[in-house]
Amino acid sequence: MKLDDIHKKNIFDVPDRYFDQLPGQIQKRITKKENLYTSVVRNGYWPRLAIPALGLVLVLIFFANPGKYQSVESIEVMLAEVSDEDVIAYLQSTDITIEEIMEHVDGEALVLEPADPLTNDLEIENLDLNALMDNYGIDENYL
Amino acid sequence: MEDKELLNKLRMPDTRNYGFNLLVRQYQQKVYWHIRKMVIDHDDADDLVQEVFVKVWKNLDSFREDASLFTWIYRIATNECLNFLRKKKNRFFIPIHDVAAELSTKLDSSPALAGDEIQLKLQKAILKLPDKQRLVFNMKYFDELKYEEISEITDTSVGSLKASYHLAVKKIEEYIKSD
Numbered sequence: 001m002k003l004d005d006i007h008k009k010n011i012f013d014v015p016d017r018y019f020d021q022l023p024g025q026i027q028k029r030i031t032k033k034e035n036l037y038t039s040v041v042r043n044g045y046w047p048r049l050a051i052p053a054l055g056l057v058l059v060l061i062f063f064a065n066p067g068k069y070q071s072v073e074s075i076e077v078m079l080a081e082v083s084d085e086d087v088i089a090y091l092q093s094t095d096i097t098i099e100e101i102m103e104h105v106d107g108e109a110l111v112l113e114p115a116d117p118l119t120n121d122l123e124i125e126n127l128d129l130n131a132l133m134d135n136y137g138i139d140e141n142y143l
Numbered sequence: 001m002e003d004k005e006l007l008n009k010l011r012m013p014d015t016r017n018y019g020f021n022l023l024v025r026q027y028q029q030k031v032y033w034h035i036r037k038m039v040i041d042h043d044d045a046d047d048l049v050q051e052v053f054v055k056v057w058k059n060l061d062s063f064r065e066d067a068s069l070f071t072w073i074y075r076i077a078t079n080e081c082l083n084f085l086r087k088k089k090n091r092f093f094i095p096i097h098d099v100a101a102e103l104s105t106k107l108d109s110s111p112a113l114a115g116d117e118i119q120l121k122l123q124k125a126i127l128k129l130p131d132k133q134r135l136v137f138n139m140k141y142f143d144e145l146k147y148e149e150i151s152e153i154t155d156t157s158v159g160s161l162k163a164s165y166h167l168a169v170k171k172i173e174e175y176i177k178s179d
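Line by line, the protein sequences are chains A and B. For the first sequence, this note's numbering begins at 1 and goes up steadily by one. For the second sequence, this note's numbering begins at 1 and goes up steadily by one.
Calculated from the structure, these hints are not laboratory results. Treat the hints with care, since some could be wrong.
To be verified - Here are the simulated DSS-like pairs of lysine-lysine, each with C-alpha atoms no more than 27 Å apart in a straight line:
{"no.": "1", "chain 1": "A", "residue 1": "32", "chain 2": "B", "residue 2": "9"}
{"no.": "2", "chain 1": "B", "residue 1": "9", "chain 2": "A", "residue 2": "8"}
{"no.": "3", "chain 1": "A", "residue 1": "9", "chain 2": "B", "residue 2": "146"}
{"no.": "4", "chain 1": "B", "residue 1": "146", "chain 2": "A", "residue 2": "8"}
{"no.": "5", "chain 1": "A", "residue 1": "28", "chain 2": "B", "residue 2": "30"}
{"no.": "6", "chain 1": "B", "residue 1": "162", "chain 2": "A", "residue 2": "9"}
{"no.": "7", "chain 1": "B", "residue 1": "58", "chain 2": "A", "residue 2": "9"}
{"no.": "8", "chain 1": "B", "residue 1": "106", "chain 2": "A", "residue 2": "8"}
{"no.": "9", "chain 1": "B", "residue 1": "146", "chain 2": "B", "residue 2": "171"}
{"no.": "10", "chain 1": "B", "residue 1": "124", "chain 2": "A", "residue 2": "9"}
{"no.": "11", "chain 1": "A", "residue 1": "28", "chain 2": "B", "residue 2": "9"}
{"no.": "12", "chain 1": "B", "residue 1": "171", "chain 2": "A", "residue 2": "28"}
{"no.": "13", "chain 1": "B", "residue 1": "9", "chain 2": "A", "residue 2": "9"}
{"no.": "14", "chain 1": "A", "residue 1": "8", "chain 2": "B", "residue 2": "140"}
{"no.": "15", "chain 1": "A", "residue 1": "9", "chain 2": "B", "residue 2": "132"}
{"no.": "16", "chain 1": "A", "residue 1": "8", "chain 2": "B", "residue 2": "55"}
{"no.": "17", "chain 1": "A", "residue 1": "8", "chain 2": "B", "residue 2": "162"}
{"no.": "18", "chain 1": "B", "residue 1": "55", "chain 2": "A", "residue 2": "28"}
{"no.": "19", "chain 1": "A", "residue 1": "2", "chain 2": "B", "residue 2": "140"}
{"no.": "20", "chain 1": "A", "residue 1": "9", "chain 2": "B", "residue 2": "170"}
{"no.": "21", "chain 1": "B", "residue 1": "177", "chain 2": "A", "residue 2": "2"}
{"no.": "22", "chain 1": "B", "residue 1": "162", "chain 2": "A", "residue 2": "2"}
{"no.": "23", "chain 1": "B", "residue 1": "4", "chain 2": "A", "residue 2": "8"}
{"no.": "24", "chain 1": "A", "residue 1": "9", "chain 2": "B", "residue 2": "140"}
{"no.": "25", "chain 1": "B", "residue 1": "140", "chain 2": "B", "residue 2": "128"}
{"no.": "26", "chain 1": "B", "residue 1": "4", "chain 2": "A", "residue 2": "9"}
{"no.": "27", "chain 1": "B", "residue 1": "146", "chain 2": "B", "residue 2": "106"}
{"no.": "28", "chain 1": "B", "residue 1": "128", "chain 2": "A", "residue 2": "2"}
{"no.": "29", "chain 1": "B", "residue 1": "124", "chain 2": "A", "residue 2": "8"}
{"no.": "30", "chain 1": "B", "residue 1": "58", "chain 2": "A", "residue 2": "32"}
{"no.": "31", "chain 1": "B", "residue 1": "121", "chain 2": "A", "residue 2": "8"}
As the list claims (entries may be wrong) - Beta-carbon label-pair distances, calculated as ranges:
{"no.": "32", "chain 1": "A", "residue 1": "18", "chain 2": "B", "residue 2": "55", "range": "19 to 27 Å"}
{"no.": "33", "chain 1": "B", "residue 1": "158", "chain 2": "A", "residue 2": "61", "range": "47 to 55 Å"}
{"no.": "34", "chain 1": "A", "residue 1": "52", "chain 2": "B", "residue 2": "106", "range": "38 to 46 Å"}
{"no.": "35", "chain 1": "B", "residue 1": "128", "chain 2": "A", "residue 2": "78", "range": "53 to 61 Å"}
{"no.": "36", "chain 1": "B", "residue 1": "105", "chain 2": "A", "residue 2": "25", "range": "51 to 59 Å"}
{"no.": "37", "chain 1": "B", "residue 1": "156", "chain 2": "A", "residue 2": "19", "range": "29 to 37 Å"}
{"no.": "38", "chain 1": "A", "residue 1": "51", "chain 2": "B", "residue 2": "169", "range": "57 to 65 Å"}
{"no.": "39", "chain 1": "A", "residue 1": "6", "chain 2": "B", "residue 2": "64", "range": "35 to 43 Å"}
{"no.": "40", "chain 1": "A", "residue 1": "55", "chain 2": "B", "residue 2": "79", "range": "33 to 41 Å"}
Note that CB positions come from ideal geometry on N, CA and C, so glycine has one too.
Given these sequences and hints, build the entire structure.
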């Protein structure tokens with residue numbers, strides 16, 4: 001059978017008065033959109049909607065990428081696992097000076113070398129050492 | 001009403017709404033049937049027709065008169081149809097899900113059909129075609145558009161459209177013969 005042998009006919013049907021009502025339906029949708037635009041943009045309501053929406057988006061992004069946005073605590077735990085050798089190797093590979101590092105170190109966390117071999121050899125008493133430091137204006141905290 | 005007259009009404013703020021109402025009344029049936037033949041279901045077609053005219057309204061200012069209003073509206077409707085069918089396919093995660101089979105089942109179960117057996121078989125054969133070829137076939141066979149008009153709507157060369165239509169007719173005739 002050829003296509004030309006088939007009588008061309010539209011077999012689909014539509015509800016009664018569908019085409020009478022369709023223009024009204026479309027007009028309603030357009031009016032609704034226009035009203036929404038007018039109230040949101042022209043009346044200046046958009047910041048009130050945009051700010052909470054932006055907040056919501058940020059929260060969603062945070063929860064959608066839990067591995068990407070870690071807490072400070074978890075970052076500290078990760079850093080603690082890095083060996084001292086690796087940290088020293090990293091610091092040596094950068095241009096950061098010792099003074100710059102010291103500026104960022106918390107006083108309590110500062111751990112000095114156990115003993116300076118030069119002072120051990122000299123067997124200087126603490127009092128004498130303090131006097132010497134005062135004399136040269138060396139701040140103990142800096143050491 | 002002529003496009004020019006309609007466009008004049010659409011461009012004047014005072015007659016814009018009235019002009020749009022006339023435009024909807026003038027093209028609603030053509031747009032509806034174009035969409036309905038693609039999506040089969042009336043409710044889906046109804047949603048899409050409304051969406052098409054909302055888009056027409058929103059983009060009226062960007063309409064350039066190098067195309068006819070009819071071609072422009074048909075192009076929007078065609079894109080809406082293809083997007084709808086694409087989304088429908090993507091919505092189902094099982095790759096073997098067959099939208100054509102689903103539409104074919106809708107054809108069988110639809111109470112709003114007024115055709116005999118051969119008409120139904122023709123519709124099922126058309127559903128076997130890829131979406132774009134189905135669009136071309138419908139526009140040529142049912143809407144009786146010229147290849148030049150279809151070319152403008154689909155942005156495809158007349159030569160490709162002729163080849164596509166010829167191939168579609170062959171596939172349909174083979175399907176009808178097969179049972």
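Evaluation of the provided hints:
1. Taking the CA atoms of residue 32 of chain A and residue 9 of chain B, the gap is near 22 Å; set against the 27 Å cutoff, the hint holds.
2. Between residue 9 of chain B and residue 8 of chain A the alpha-carbon distance is near 37 Å, which puts this suggested pair outside the 27 Å criterion.
3. For a cut-off of 27 Å, the pair hint linking residue 9 of chain A to residue 146 of chain B stands: about 19 Å separates their Cα positions.
4. About 17 Å separates the Cα atoms of residue 146 of chain B and residue 8 of chain A, which keeps this hinted pair within 27 Å; it holds.
5. Between residue 28 of chain A and residue 30 of chain B, the direct Cα distance comes to roughly 21 Å. Compliance with the 27 Å bound is thereby established for this hinted pair.
6. A threshold of 27 Å between alpha carbons decides the hint, and for residue 162 of chain B with residue 9 of chain A the separation of about 22 Å falls inside it, so the pair holds.
7. Only pairs whose Cα atoms come within 27 Å are accepted, and residue 58 of chain B paired with residue 9 of chain A is rejected, the gap being roughly 34 Å.
8. Distance restraint check for residue 106 of chain B and residue 8 of chain A: the Cα-Cα separation of roughly 21 Å lies within the 27 Å cut-off, and the hinted pair is therefore satisfied.
9. About 21 Å separates the Cα atoms of residue 146 of chain B and residue 171 of chain B, which keeps this hinted pair within 27 Å; it holds.
10. Note on residue 124 of chain B and residue 9 of chain A: the hinted pairing holds, with a Cα-Cα distance of about 14 Å set against a maximum of 27 Å.
11. For the hint pairing residue 28 of chain A with residue 9 of chain B, the CA-to-CA distance comes to about 20 Å; that is within 27 Å, so the pair holds.
12. Of the pairs offered as hints, the one joining residue 171 of chain B and residue 28 of chain A is violated, with about 43 Å between alpha carbons and a cut-off of 27 Å exceeded.
13. Simply put, residue 9 of chain B and residue 9 of chain A have alpha-carbon atoms about 35 Å apart, too far for the 27 Å limit, and the pair is violated.
14. With a C-alpha separation of about 12 Å, the suggested pair residue 8 of chain A and residue 140 of chain B falls inside the 27 Å cut-off, and the hint holds.
15. Restraint check: the Cα-Cα separation between residue 9 of chain A and residue 132 of chain B comes to about 21 Å, which is no more than 27 Å; the hinted pair holds.
16. Among the hinted pairs, residue 8 of chain A with residue 55 of chain B is inconsistent with the structure: their alpha-carbon atoms are about 31 Å apart, more than 27 Å.
17. This hinted pair checks out: residue 8 of chain A and residue 162 of chain B have alpha carbons roughly 20 Å apart, not beyond 27 Å.
18. Proposed proximity of residue 55 of chain B and residue 28 of chain A is supported: the alpha carbons are some 14 Å apart, at most 27 Å.
19. The suggested pairing of residue 2 of chain A with residue 140 of chain B holds, with an alpha-carbon distance near 16 Å, which does not exceed 27 Å.
20. For a cut-off of 27 Å, the pair hint linking residue 9 of chain A to residue 170 of chain B stands: about 19 Å separates their Cα positions.
21. This hinted pair checks out: residue 177 of chain B and residue 2 of chain A have alpha carbons roughly 9 Å apart, not beyond 27 Å.
22. For the proposed pair residue 162 of chain B and residue 2 of chain A, the alpha carbon gap of about 18 Å is at most 27 Å, so the pair holds.
23. With a CA separation close to 33 Å, the supplied pair residue 4 of chain B and residue 8 of chain A exceeds the 27 Å bound.
24. Of the supplied pair hints, the one linking residue 9 of chain A and residue 140 of chain B holds, its CA atoms being roughly 14 Å apart against a limit of 27 Å.
25. Between residue 140 of chain B and residue 128 of chain B the CA atoms are separated by roughly 17 Å; this keeps the pair inside 27 Å, and the hint holds.
26. For the proposed pair residue 4 of chain B and residue 9 of chain A, the alpha carbon gap of about 32 Å is over 27 Å, so the pair is violated.
27. A C-alpha spacing of about 30 Å is found between residue 146 of chain B and residue 106 of chain B, which places the hinted pair above 27 Å, so the restraint is violated.
28. With a CA separation close to 17 Å, the supplied pair residue 128 of chain B and residue 2 of chain A stays within the 27 Å bound.
29. Pair hint residue 124 of chain B plus residue 8 of chain A holds up; C-alpha atoms about 15 Å apart against a cutoff of 27 Å.
30. For the proposed pair residue 58 of chain B and residue 32 of chain A, the alpha carbon gap of about 13 Å is at most 27 Å, so the pair holds.
31. Proposed proximity of residue 121 of chain B and residue 8 of chain A is supported: the alpha carbons are some 13 Å apart, at most 27 Å.
32. Checking the proposed 19 to 27 Å range against residue 18 of chain A and residue 55 of chain B shows it holds: the Cβ atoms sit about 20 Å from each other.
33. One distance hint, 47 to 55 Å for the beta-carbon pair residue 158 of chain B and residue 61 of chain A, holds here, with the actual separation near 48 Å.
34. Between residue 52 of chain A and residue 106 of chain B the beta carbons are some 41 Å apart, a value that agrees with the proposed interval 38 to 46 Å.
35. Against the hinted window of 53 to 61 Å, the Cβ-Cβ separation of residue 128 of chain B and residue 78 of chain A comes to about 58 Å, which satisfies the hint.
36. One distance hint, 51 to 59 Å for the beta-carbon pair residue 105 of chain B and residue 25 of chain A, is violated here, with the actual separation near 28 Å.
37. For residue 156 of chain B paired with residue 19 of chain A, a C-beta distance near 30 Å keeps the hint of 29 to 37 Å intact.
38. In this structure the hint that residue 51 of chain A and residue 169 of chain B lie 57 to 65 Å apart at CB holds, the actual value being about 59 Å.
39. The hint said 35 to 43 Å for the Cβ distance between residue 6 of chain A and residue 64 of chain B, and at roughly 39 Å that hint holds.
40. Taking 33 to 41 Å as the suggested C-beta distance range, the pair residue 55 of chain A and residue 79 of chain B conforms, at roughly 35 Å.
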